[in-house]
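Novice: Residues per chain are reported as follows:
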Amino acid sequence: MIYLLLVFTPITIVLEFIHADHVVIFVIASIALIPLAKLIGDSTEHLSLHYGPTLGSLLNVTFGNAAEIIIAIVAINAGLIDLVKASITGAILGNILLIFGLSIMAGGFRYKEQFFSQENIGLQSSMLFLAIIGLAVPTILASTLNVDGANASIENQLNVQIISDILAFLLLAVYIGGIIFTFFTHKHIFYTQAHTENHKKGQEKNIDATAWTKKKSFLYLGLSMAGVIAVSEILVGSVESTAEQFGFGELFVGAIIIGIVGNAAEHSSAIVLARKGKIELSIGIAAGSGTQIALFVVPILVLAGIVMNQQFSLVFTPFELVTIFLAAIILNLIARDGKSNWFEGLMLTFVYIIIAIGFFFIK
Amino acid sequence: MIYLLLVFTPITIVLEFIHADHVVIFVIASIALIPLAKLIGDSTEHLSLHYGPTLGSLLNVTFGNAAEIIIAIVAINAGLIDLVKASITGAILGNILLIFGLSIMAGGFRYKEQFFSQENIGLQSSMLFLAIIGLAVPTILASTLNVDGANASIENQLNVQIISDILAFLLLAVYIGGIIFTFFTHKHIFYTQAHTENHKKGQEKNIDATAWTKKKSFLYLGLSMAGVIAVSEILVGSVESTAEQFGFGELFVGAIIIGIVGNAAEHSSAIVLARKGKIELSIGIAAGSGTQIALFVVPILVLAGIVMNQQFSLVFTPFELVTIFLAAIILNLIARDGKSNWFEGLMLTFVYIIIAIGFFFIK
Amino acid sequence: MIYLLLVFTPITIVLEFIHADHVVIFVIASIALIPLAKLIGDSTEHLSLHYGPTLGSLLNVTFGNAAEIIIAIVAINAGLIDLVKASITGAILGNILLIFGLSIMAGGFRYKEQFFSQENIGLQSSMLFLAIIGLAVPTILASTLNVDGANASIENQLNVQIISDILAFLLLAVYIGGIIFTFFTHKHIFYTQAHTENHKKGQEKNIDATAWTKKKSFLYLGLSMAGVIAVSEILVGSVESTAEQFGFGELFVGAIIIGIVGNAAEHSSAIVLARKGKIELSIGIAAGSGTQIALFVVPILVLAGIVMNQQFSLVFTPFELVTIFLAAIILNLIARDGKSNWFEGLMLTFVYIIIAIGFFFIK
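Protein chains in written order, with the numbering used here: chain H, 321 to 683; chain R, 321 to 683; chain P, 321 to 683.
Derived from the structure by calculation, the hints contain no laboratory data.
Keep in mind it's a predicted model, so treat the numbers as computed, not measured.
The reader is advised that the hints may include incorrect statements.
Because identical chains cannot be distinguished in the list, a pair is counted as satisfied if it fits within a single copy or across any two copies.
In silico lysine to aspartate or glutamate, DMTMM-like type, Cα no more than 25 Å apart, as pairs [claimed, not checked]:
(1) Lys683 with Glu475
(2) Lys535 with Glu365
(3) Lys535 with Asp362
(4) Lys683 with Asp485
(5) Lys598 with Glu365
(6) Lys659 with Glu439
(7) Lys507 with Glu433
(8) Lys683 with Asp341
(9) Lys432 with Glu600
(10) Lys507 with Glu365
(11) Lys507 with Asp341
(12) Lys596 with Glu365
(13) Lys659 with Glu600
(14) Lys536 with Glu475
With the rest of the complex left out, here is chain H (with noise of 0.2 Å):
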């Protein structure tokens, strides 16, 4: 169905090349990638049936924010760095508040409990609470070394992007740690219902005769990793103007648009899941993708900087740094009973506007 959205993207490459408005290919670019995302998502799952549980989790999780780092780079690489940190807050808050709360709230309208394990949501909430510390530390760095300020040193602003590159490596190593832990040291925890559900999924797919093959998989992988490439760089050409005109800050099209554009709408098969009762898949992909943005994504697009000579640090804006750690708060004091109903799913889905709001009016 998401799929019909696909014809956006040779309209995206059309535009472009017949110069059209820039809000007209911004929007048009917008929808295209939403259906390219979720084709990279998909070509990866089907591609993981292939190699066996934990092969096929690992693949998944790795390729899982590959339309994610895409965009990025390209934002990154056209020297938009504060757009791409909005985004990545953007993307953060969308999948723990918007994604999550919709998930909850759509199986709530259904059940009227529904339960899950507080293993993982406890392990998630401890991971996204790290990075979120790994945000903070450079971030306060730099307010005290007043980097921003009009007679900032240059020497400041490299022990800042110094402190930025080592963090990033620390991250990326608890993120590594995290994936030895839930994949093979304590695997017995998190295994039993990932399993099952990959191996029903494995079984519906073979009955239907709908998994791809390998070579499918790889060759809709690839094509739709290329999409992405093409429409990002044409989306990042058009961003600046667009905001201008319609009098949008970066920080609104990044978190609001681009987050939900580059990675949210992903995920939102997470909604779906919970109304058929999987409350606790749903929950997976929802604040797993908010943890692996924040301690996978950030890292490597700091490690990409450093490849491409642009200076990507850790540094976000006091409101998103505020923001993702009201939100991670109450993300765990709403998930952390291991149960949720539709109040609860409601209360995340205002939060996310009330946040969304307050994007919009910082300029």
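Since the structure of chain H is provided, determine the placement of chains R and P on it from the hints.
Specialist: For chains R and P alone, kept in the frame of chain H given last:
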């Protein structure tokens, strides 16, 4: 007993007419407010007995903060915006730290441990936290846009007011959602105990023949509300010169004196209930009132501000915002295990004292 | 084993007399402090065996931070206020992140999961958090009153000192309340395990005939305290020129070097205990020491400042306050489920490293 203090209402009015010293008027008016606020609460409660548990509870919940709202509206009308905000902060802190802490302590001196449902305290914490996010977003926005600074643009001030108005509607929507959740869709979780207590209360009253008639309840409700309006007008008129004379800051008078007088004192019955072993009810009052002020009174005042053409925004001072935030966290740390003891009560009470001292020194 | 390092005490004194290089003196004195702090701890523990469980535990608790206090008082006397505050921050972080993290990790490499009581960790978290509020209030006040600025009024500085003095008494009162709670009114919750362990320890010692006599314990306690005083004096005298020479900031030297040397190293036995499966004790030491520093050592130092006529306030730098706050939250997220594994230990340890790097770059 407390109703003996009602004699201070006419005294206040007389003092105002003979133009007595402002400080004397302030003190007498403050004392006069305590029984009046209590009378509003009691007459609402008696009234609610005539309307069945659900409608009765709704009445109770809606009129529970009538005194606070009246005082605030009178003060907003007089342009004392900061004072009102401080009184809201003080009412929240007074309920979730002082009343809650004293209740737990009072109960704890008698019972080694008291137990209560984690469901309700979890719900209240989440709602309170959502309200805090609703205050944090415009407050951070205002500080980023430098709204208080000397060269604040009118456009930015307008933006802060617009975002406050929008968020007020959202907070009210969540509050209504919470009522639907607790009184309708999920009342089985919260019902049993509340119903039983209400019922028992109803019975006792019938037996003692002390339940007020509908007519009497309405009469007392009307009289006490009129009293609160009159006394509030007088109090508000004397507050500035009193503060000046004592060297108290507006924040201290609002947060500690008016916050206690207008709201927290009304809920002191929570302490008595805890002492009788009814910690569940006690906690419901203390935590519930805190949430209600944040999620119901605050938005109502923003909307009242629109009607009265006064700029009542959701922007609080950093000290107010941070202390409410820290109070919400320690409340959660202490209460989420569903158990209480005297030392937990002592800790909450001391946190209140620490913060009150802070308000005293901030001028 | 660690006592072999005691040889560094006379070496430090000799080096001081021959006016050796400041850096050499600093390094040697730092190393010398580790076994001295340990000796204070051990002799207190041996002494406590002679006084029954309750009095013994009280002794242990009170003298547990003697080394930290002595070093701090010597440094305050030398006017190194910021260094002492940083060393307190570092001692808290070192205990609740590094020692705690390494303990959990050490235990986790051997046992798949370790379990411990949620009661104690919940109590420690609440007390730690109360202390954080006690630091946050004067710190926010100071920043609001612009106390550090160029044109800070003397009146405001005085106010900050007065509030610090008052809060110090309140924090001490809570600390005493905590002792009454854990050792008297509710010792049944904390007693069993502590008693059993103490008893076992006592027995082992008796069997091994290694329990020190009362006299020996007092002698060693006196000698080690004298040693700490002497070495601290020398250390403090060399700290500034060492920091200068290496380009280390005062915050880094205080938080990371002195914080570890003066306190955390003493508690490294927690790691060994966790490895032996006694995670309960291990956690008691790590979390307990963190709380004790915040709620006992800090107020003692404020009072000592009054006596010594040095302005030792409760105002910390934003970076210190925020990192302690974030550390307390992640500790709670990770430990509140009463279970631990290697990855949780790794996360806490990495949070410590991330914050330590932050201290390195803040100059």
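Novice: Each of the hints needs a verdict: does it hold here or not?
Specialist: Structure-based check of all given hints:
For the homomeric pair Lys683 and Glu475, the shortest alpha-carbon distance between copies (12 Å) is at most 25 Å, but the shortest distance inside one copy (28 Å) is not. Proximity of Lys535 to Glu365 under the C-alpha cut-off of 25 Å is restricted to the intra-copy arrangement: shortest distance 13 Å within a copy versus 69 Å between copies. In this homomeric assembly, Lys535 and Asp362 come within 25 Å of each other (Cα to Cα) only inside a single copy, at 14 Å, whereas the closest approach across copies is 67 Å. Proximity of Lys683 and Asp485 under a CA criterion of 25 Å is satisfied inter-copy only: 19 Å between copies versus 28 Å inside one chain copy.
Taking the shortest alpha-carbon separations for Lys598 and Glu365, only the intra-copy value of 18 Å comes in at or below 25 Å, while the best inter-copy value is 43 Å. Proximity of Lys659 and Glu439 under a CA criterion of 25 Å is satisfied in both settings, with 13 Å inside one chain copy and 10 Å between copies. Proximity of Lys507 to Glu433 under the C-alpha cut-off of 25 Å is restricted to the inter-copy arrangement: shortest distance 13 Å between copies versus 27 Å within a copy. In the homo-oligomer, the alpha carbons of Lys683 and Asp341 lie at most 25 Å apart inside one protomer (23 Å), although the nearest pairing across protomers, at 50 Å, exceeds that limit.
Proximity of Lys432 and Glu600 under a CA criterion of 25 Å is satisfied in both settings, with 15 Å inside one chain copy and 24 Å between copies. For a Cα distance limit of 25 Å, the shortest separation of Lys507 from Glu365 inside one copy, 19 Å, qualifies, whereas the shortest one across copies, 41 Å, does not. Within a single copy, Lys507 and Asp341 get their C-alpha atoms no closer than 52 Å, and across copies no closer than 54 Å, so neither meets the 25 Å cut-off. Taking the closest pair of Cα atoms, Lys596 and Glu365 come within 25 Å of each other only inside a single copy of the chain (20 Å); across copies the shortest separation is 43 Å, beyond that limit.
For a Cα distance limit of 25 Å, the shortest separation of Lys659 from Glu600 qualifies both inside one copy, at 10 Å, and across copies, at 21 Å. Taking CA atoms no more than 25 Å apart as the test, Lys536 paired with Glu475 passes in neither setting, with 51 Å inside one copy and 55 Å between copies.
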